[in-house]
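Q: Chains as they are written, first to last, in my numbering: chain A, 1 to 75; chain B, 1 to 351.
Accuracy of the hints is not assured; some may be wrong.
[Stated by the list, open to error] Cut-off 20 Å, straight-line C-alpha distance, at most; resulting in silico cross-link-like pairs (PhoX-like, lysine-lysine):
no., chain 1, residue 1, chain 2, residue 2
1, B, K22, A, K49
2, B, K294, B, K22
3, B, K156, B, K108
4, B, K171, B, K108
5, B, K276, B, K346
6, B, K19, A, K30
7, B, K21, A, K49
8, B, K33, B, K322
9, A, K30, B, K156
10, B, K243, B, K101
11, A, K30, B, K8
12, B, K243, B, K303
13, B, K223, B, K236
14, B, K294, B, K101
15, B, K101, B, K322
16, A, K49, B, K19
17, B, K284, B, K223
18, B, K27, B, K236
[Stated by the list, open to error] Pulled from the structure, derived: some chain A residues nowhere near chain B, Cβ distances all over 12 Å:
no., residue
19, G13
20, L20
21, V32
22, V37
23, V55
24, E58
[Stated by the list, open to error] Across the chosen pairs, the derived CB separations fall in these ranges:
no., chain 1, residue 1, chain 2, residue 2, range
25, B, P264, A, F53, 43 to 53 Å
26, B, S146, A, F53, 51 to 61 Å
27, B, T161, A, F53, 24 to 34 Å
28, B, R44, A, Q44, 20 to 30 Å
29, A, M51, B, T49, 23 to 33 Å
30, A, G22, B, Y308, 22 to 32 Å
Hints listed in this document are in silico derivations from the structure and should not be mistaken for laboratory results. Computed from a prediction, not measured in an experiment: that's the story for all the values here. Yeah, the Cβ is synthetic: ideal placement off N, Cα and C, and Gly gets one too.
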Amino acid sequence: MAADIGTGLIAIGAGLAVGLTGLGAGMAEKDVGAAAVGAITEDQTLFGKAMIFMVLPETIVIFGLVIAIMAIFVM
Amino acid sequence: MFRRNGKKGNYAYTVARVKAKKSLLMKEEDYSKMMMMTVPEMSRYISETGYQKEMVDLAVRSSGLDLLEHATYTNMAKVFSTILEASEGELSDMLSAYLAKWDIWNMKVILRGKSYGLDANGIKEDLVPAGSLSAESLDKLIAIDSQEDIIAAFGKMAHVTFTPEVLAAQKAGINLEEIEDYLDKFYYTRLVNSVDTSSRPSLLFLNFVRQEIDLENLETILKLKVEGIRGDAVLKYIIPEGKHIDMKLAMQLANAESIEAMIPDLAGLDFYENIKDALPTANKSLLGVLAGLKGYAMQQAKKFSHLYPLSVIPVLDFMIHKENEVDNIRIIARGTESGLSKEEIKALLVI
Chain A
1 MAADIGTGLI
11 AIGAGLAVGL
21 TGLGAGMAEK
31 DVGAAAVGAI
41 TEDQTLFGKA
51 MIFMVLPETI
61 VIFGLVIAIM
71 AIFVM
Chain B
1 MFRRNGKKGN
11 YAYTVARVKA
21 KKSLLMKEED
31 YSKMMMMTVP
41 EMSRYISETG
51 YQKEMVDLAV
61 RSSGLDLLEH
71 ATYTNMAKVF
81 STILEASEGE
91 LSDMLSAYLA
101 KWDIWNMKVI
111 LRGKSYGLDA
121 NGIKEDLVPA
131 GSLSAESLDK
141 LIAIDSQEDI
151 IAAFGKMAHV
161 TFTPEVLAAQ
171 KAGINLEEIE
181 DYLDKFYYTR
191 LVNSVDTSSR
201 PSLLFLNFVR
211 QEIDLENLET
221 ILKLKVEGIR
231 GDAVLKYIIP
241 EGKHIDMKLA
251 MQLANAESIE
261 AMIPDLAGLD
271 FYENIKDALP
281 TANKSLLGVL
291 AGLKGYAMQQ
301 AKKFSHLYPL
311 SVIPVLDFMI
321 HKENEVDNIR
331 IIARGTESGL
341 SKEEIKALLV
351 I
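Work out the full structure, taking the sequences as your base and the hints as a guide.
A: As structure tokens, then:
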């Protein structure tokens with residue numbers, strides 16, 4: 001029974017790591033995305049650069065994902 | 001006014017758009033090139049730098065200097081309207097309140113045009129439909145014959161209330177100064193009073209507007225001083241609610257014997273550095289001082305747009321720069337046409 005609770009807590013931790021970083025990335029991307037669309041509206045050649053800035057906040061989710069994987073497979 | 005829709009503005013989107021637009025504005029080297037050109041060459045040059053559509057559209061109706069002036073104004077109005085349409089929430093409210101100054105401008109143009117007996121097309125050339133009144137509404141105003149009816153219709157359209165004294169003064173004579181001064185005062189007073197001071201973005205906006213009032217007031221005081229008008233006669237033109245120039249300082253400046261006597265009072269103000277070199281010659285020509293004040297407004301807008309990138313200031317910064325670009329183009333075109341030397345034209349430009 002004790003082992004089951006531990007597994008459950010690890011699963012919750014992994015979920016929180018991905019979920020919360022996802023929220024964080026979403027909040028960051030809100031402004032970056034709006035600005036990127038604004039810039040592309042004026043000058044379409046900025047699409048490539050805007051895309052790079054747009055995906056930068058995604059790295060936060062990757063950190064969360066790494067923690068989640070570590071929690072599940074390493075702990 | 002700013003709580004009308006209760007929504008926060010879309011600052012990131014609008015600011016990114018205006019920054020992109022600002023990067024396309026003319027630079028110093030563009031103005032230098034234009035100073036070497038004739039008016040038709042200038043028309044071709046500005047067609048390549050963002051004014052093409054307006055130049056082509058209006059080429060049927062006018063040509064030469066008229067075409068250039070009309071096209072630059074039309075383009076500016078279009079750009080401002082696009083920004084206003086792109087903005088949302090409190091940002092949109094602030095911008096539309098600020099852009100109401102073009103309603104006032106248009107009203108003045110219509111009244112002046114009518115009093116000089118210009119036809120509808122002549123009046124339309126100087127209109128900038130960037131405010132709340134559309135080109136159609138302005139056409140309706142132009143179609144009205146009597147000045148009283150125009151004023152009444154404008155009051156309804158732009159929600160401007162006129163005091164009985166102003167209306168009586170307008171009825172009594174043909175002098176339009178009274179009503180023009182009233183419109184300016186009304187615009188700034190309404191703007192300052194409508195700002196909700198509880199939020200940071202609106203406070204920044206309020207500061208910006210109050211500083212603009214200071215510059216307007218100083219310009220008025222200096223112009224009247226050059227004409228030899230002092231004291232209480234000046235005070236009636238002063239717009240209240242300035243940031244640094246309050247009524248007390250305005251009184252001191254207005255009562256000063258000459259422009260030189262104003263210098264100790266002006267020395268403590270932020271913009272003194274920008275005008276101090278031009279002040280000693282201000283009696284002969286105010287152009288240097290006015291260019292200095294305009295330059296200060298642009299510097300401040302630029303500084304604050306960097307300090308507060310997600311606020312209304314970068315948008316206002318762009319609007320000031322765009323207006324300045326249009327003014328510069330017109331100065332170069334008019335200057336070249338009237339045979340001014342390059343140095344003279346350059347002294348008039350604000351870069």
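Q: Could you work out which earlier hints the structure fails to respect and list their numbers in ascending sequence?
A: 9, 18, 21, 22 and 27
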